[in-house]
Structure formats: structure tokens, C-alpha cells
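Please put together the full structure from these sequences, using the hints given.
2 protein chains.
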Amino acid sequence: MDSRDWQIVRSTPLFGTMPQDVALSLIGSQPVRSYEKGTTLFQQGEPASSFFVILDGWVKLFRITPDGNEAVVGVFRRGESFAEAAIFLGGRYPVSAEAVTSTRLARIDGELLRRRIREQPDLALAMLASSSHHLKSLVEQIEQIKLLTAQQRLADFLVNLAPANEGSCVIELPYEKALIASRLGMKPESLSRALAKLRPLGVSVDRETVSIVDVDLLVRFVEASPRDDEGF
Amino acid sequence: MDSRDWQIVRSTPLFGTMPQDVALSLIGSQPVRSYEKGTTLFQQGEPASSFFVILDGWVKLFRITPDGNEAVVGVFRRGESFAEAAIFLGGRYPVSAEAVTSTRLARIDGELLRRRIREQPDLALAMLASSSHHLKSLVEQIEQIKLLTAQQRLADFLVNLAPANEGSCVIELPYEKALIASRLGMKPESLSRALAKLRPLGVSVDRETVSIVDVDLLVRFVEASPRDDEGF
DNA sequence: CGCGGCGTTGATCTCTGTCAATACTTGTGG
DNA sequence: CCACAAGTATTGACAGAGATCAACGCCGCG
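Chain order of the listed sequences is S and D.
Position in the first sequence (first residue = 1) + 525 = the numbering used here.
Position in the second sequence (first residue = 1) + 525 = the numbering used here.
Everything labelled a hint here was simulated from the structure, so no lab data went into it.
There may be inaccurate statements among the hints.
In this list, chains with the same sequence are indistinguishable; a pair is considered to hold if it fits within one copy or across any two.
Simulated crosslink set (EDC-like; lysine to aspartate or glutamate; CA at most 20 Å straight-line) [as the list claims (entries may be wrong)]: (1) Lys712 with Glu571; (2) Lys722 with Asp530; (3) Lys722 with Glu595; (4) Lys702 with Asp634; (5) Lys661 with Asp681; (6) Lys661 with Glu714; (7) Lys702 with Glu714; (8) Lys712 with Asp739; (9) Lys661 with Glu571; (10) Lys562 with Asp681; (11) Lys661 with Glu595; (12) Lys562 with Glu665; (13) Lys661 with Glu701; (14) Lys562 with Asp647; (15) Lys661 with Glu691; (16) Lys562 with Glu714; (17) Lys722 with Asp581; (18) Lys661 with Asp527; (19) Lys712 with Glu636; (20) Lys661 with Asp741; (21) Lys702 with Glu636.
Keep in mind that this is a model prediction, so the values were computed, not measured.
In C-alpha cells:
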């Protein structure tokens, strides 16, 4: 782990608030590992001994049903941590994880973390904040699936990717469209069509490059009732 | 708070694992309050100073969009705690809460809890476990909405209400059908139809009383791929 | 060049939401 | 006690969103 990596770790809400030496003792001893695209990091139901911070790349969390269908419940990027919760859940991962690009991860040992929490109560508050943050994003995801159309969910996804929340911009899709589709709770075909239907709102696509004429227009489209899209 | 209430509090994963005196100091000083059906407990965006344990009744958590649509993200009952996460999330509730029946709640002060966590690190682990548990149930909810049909979600809901996971049983629906519908991510009309379509699987309904011939049949229906319901 | 992975497009079908009409239940006031 | 109103659940007709199945285009790669 070089200083660039360390900087990333310290930028997370979890490791950014704790004293430097505590963070070092948690993460320093563990080697950073690289994973190829497509590597399974852990599987749902597996004993959970540790959690991760992403130093580079993208990771997806998903659930698999008995018949093989898959639901993506989160996609994380550099600077984000995941699977913290598993440590406290009877020690089993409730989801599976896979590297969707080639990836570098720092692994934090769960038992060590629990010991540190006992010695260092502020650490617990940081963990709770981090866990609460994940909770909130899941709630938002549920809200989205339940009351937005596929087009609106996609528009929201693009808005969150955009650097500013007004004016025009050009963004690169961070990972495969099939994964974006799954993340947004739809099929790849539907994503394709949804993208096409956003054209009148100033969204044009070429490969993985998306140009947005006016981000604010998209924001207003997302906030509109699913039904009154006449005006657009 | 009588001894029956106290027993309920101690039955929660959160308050059950901590030393008795700590639990008492957290909860004992706060008066138990009663709320009528329909009472708003707090609203999304409001400053969050405390969280709750349900001593009696049912509470729903939901999100409201600018245009008034509502998505239920959880329904809790006696012995469950809710809104713990808000305490650690910059102090604002990310959801709204309402009593769906007449309800009695114990309120726990957030600032007090934070202080206790600093003194009592084991408390932090209990909080983390509780929070992780909520996280897991949200993940499961997302999975359900994303890859089960309305009928399957309903079947799953009934199965979770049933006392055993095989054989026959009779259960009472715990709250209004409109709320069940919203909790399951569908409209009341769809719930009605989904119930009707479960009849061939041995589910019959009268008012709020549901009779199930064979719970295991429902379980297998939920686990089947959404499409191959031919056999049923 | 041919092959395989990924994405798009088209035709069709199914599910669920919407709108409207109709019981049924409960509570209220005459 | 009945009439009436309001809230809740069911049912029907219809429309729209999204899934499915299939075909095709595009691109990178051996």
C-alpha cells in the first residue's frame, strides 16, 4: 500500500475519522490484493471474516436465488467500503461480491476490528455512521424501484454520475450496461430503450460516452410524477 | 413501564445483550407514550434526537416523494426497534414514521446513547448487530421486489406470517391490506388479485383471516422461477 | 476471417397500474 | 332502529411499462 492508497483509505468516512495509529493497526498489516475482472470475492452464506475497502476498480454486491436469477443490491467504487455489516451478522455474508473490473482491495479483519472497537469506542461511532449510510442508500434504492419508472431511475443514475447538477456535461459509463441495468432493476433491453427515450431530454449516447445537454432538465424529470411526462 | 414492557425491551437483540443497569439507564428515565392510530411519529428530514422500541402496536416507515407518492420501507411490531440509524446519520430522519394501529413506544435519547456507547463498547457491538440486521432485511426486500412477481411476494409474506413452515395453518393479517400492498410494492387492487390467484395453491381468505392448506407448497412457489408457474 | 461477447431493435405477451363501479363495514345522527 | 356517509375491499375494463424471445449489428480478438 503506497501513500496514494493510504490517502484513499483516509478519505472514507470510516477510516477518515479515527486516529491515524488505529487506522494503521487495522489496515496496515493486511496486504493489498489485486483481483481480475470477474473474480468472486465472496459468496452469499459464506463465513464472513473480514470486510473491504476498494483502492481501485468496481465491485458489485448481489443476491442469487435458487434458480440462478441475480439481483444487484449495490455497486461500489474506489474509496468505498463494503461488507462491514456481515461482521456483525452472525458471521455470514448475506450477499455475494464480484470484481466487475480489475480491482485492488484492502482487507480488514473482522475479529481485529471487534477488538479495536472495544478499546476505542469512537471507532464504534464511525462504524455505526458508515453502516447507517449504507442503510440509507438501500432505503433510497427501495424508494426508487417502488415509485420511479425505468426511465426515471436511469435519469437519476446519470444525474448522480454527472459532476455538476446543472448545465451540460459528458460522462463515461463506469461499467457494463448489463450491470447498470441490473443495478437499476431492469433488463439490458429495457435500459437500451430507456436511453433512447431520454434523447428528447437532451441525452445522447455513443458507446459508453453519454452527453447531457442540461443536467437540471433530467433532475426535474426524475422529480416529476411518473405520469405527467407529457411536458417533456 | 411495567414488568411486561420491560420484558419486551429485554427481548430485543439490542437491549437483550447489554447489562441490566445500562439498559435501565438508557430507557428507564424516559416515559412510555401512547399514540393513536394514524399519528405521525416523525417526518423525513426532521432532526433526529431519539429512536424507539415498540411496546405495543405497529409502526410503518415510509418515504414520501415531492409529488406525494409514498413507498413503505418497513413495518415493525412489538419488540422491534426502529430509527436507530438516524442517530448516526447527521441527525436527520431519512424516512417518516406513523403509527398504523394505536401504539405504545419507549423513546431512547440519541445523545444519551452515544455517551453510553463511549463508556460501554459492548453496547456498540449490539447496536451494530441491530443495524446490520435492518440492513439485511432491506437487502432482502430489494431482492424480492427485483426478482419476484407480486404473487410470489405475497406468498412469501404469508409464509413469514405462518407459525410453522409446513402443514396447514390459519393466520390473521396484522394490518390493513392497503398497507400490506404498499409494503410489498404493489397497489391494493393488485394485492386483491394476487390473493385470488393464490387460491389454487390452497390459500383462502375471509376478511383478515387467511387459511393456508400447505405452507410448504407456498414456499416452493416462492422459490420457483417467476415464469414456470405452470405446475401450480 | 470467423467467432463470441455485448448492445440494439423489433414483435409480442404478461403483469401491474389506473380508472371506475360496486359491495361491505363501521360509525354517526336523526 | 334506520338512513346515511366514510372508509375499506373487491371486481371489471383498459392501457402502459417492462419482460421475453429472436434477429441482427458492432467490435475486439484469436
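Hint-by-hint comparison with the structure:
{"no.": "1", "hint": "Lys712 with Glu571", "result": "neither (28 Å within a copy, 36 Å between copies)"}
{"no.": "2", "hint": "Lys722 with Asp530", "result": "neither (40 Å within a copy, 55 Å between copies)"}
{"no.": "3", "hint": "Lys722 with Glu595", "result": "neither (26 Å within a copy, 26 Å between copies)"}
{"no.": "4", "hint": "Lys702 with Asp634", "result": "neither (33 Å within a copy, 45 Å between copies)"}
{"no.": "5", "hint": "Lys661 with Asp681", "result": "within (16 Å within a copy, 24 Å between copies)"}
{"no.": "6", "hint": "Lys661 with Glu714", "result": "neither (29 Å within a copy, 29 Å between copies)"}
{"no.": "7", "hint": "Lys702 with Glu714", "result": "within (10 Å within a copy, 34 Å between copies)"}
{"no.": "8", "hint": "Lys712 with Asp739", "result": "neither (26 Å within a copy, 34 Å between copies)"}
{"no.": "9", "hint": "Lys661 with Glu571", "result": "between (25 Å within a copy, 15 Å between copies)"}
{"no.": "10", "hint": "Lys562 with Asp681", "result": "neither (27 Å within a copy, 35 Å between copies)"}
{"no.": "11", "hint": "Lys661 with Glu595", "result": "between (22 Å within a copy, 16 Å between copies)"}
{"no.": "12", "hint": "Lys562 with Glu665", "result": "neither (28 Å within a copy, 26 Å between copies)"}
{"no.": "13", "hint": "Lys661 with Glu701", "result": "neither (25 Å within a copy, 26 Å between copies)"}
{"no.": "14", "hint": "Lys562 with Asp647", "result": "neither (36 Å within a copy, 39 Å between copies)"}
{"no.": "15", "hint": "Lys661 with Glu691", "result": "neither (25 Å within a copy, 35 Å between copies)"}
{"no.": "16", "hint": "Lys562 with Glu714", "result": "neither (23 Å within a copy, 45 Å between copies)"}
{"no.": "17", "hint": "Lys722 with Asp581", "result": "neither (33 Å within a copy, 49 Å between copies)"}
{"no.": "18", "hint": "Lys661 with Asp527", "result": "neither (32 Å within a copy, 34 Å between copies)"}
{"no.": "19", "hint": "Lys712 with Glu636", "result": "neither (39 Å within a copy, 45 Å between copies)"}
{"no.": "20", "hint": "Lys661 with Asp741", "result": "neither (24 Å within a copy, 34 Å between copies)"}
{"no.": "21", "hint": "Lys702 with Glu636", "result": "neither (37 Å within a copy, 44 Å between copies)"}
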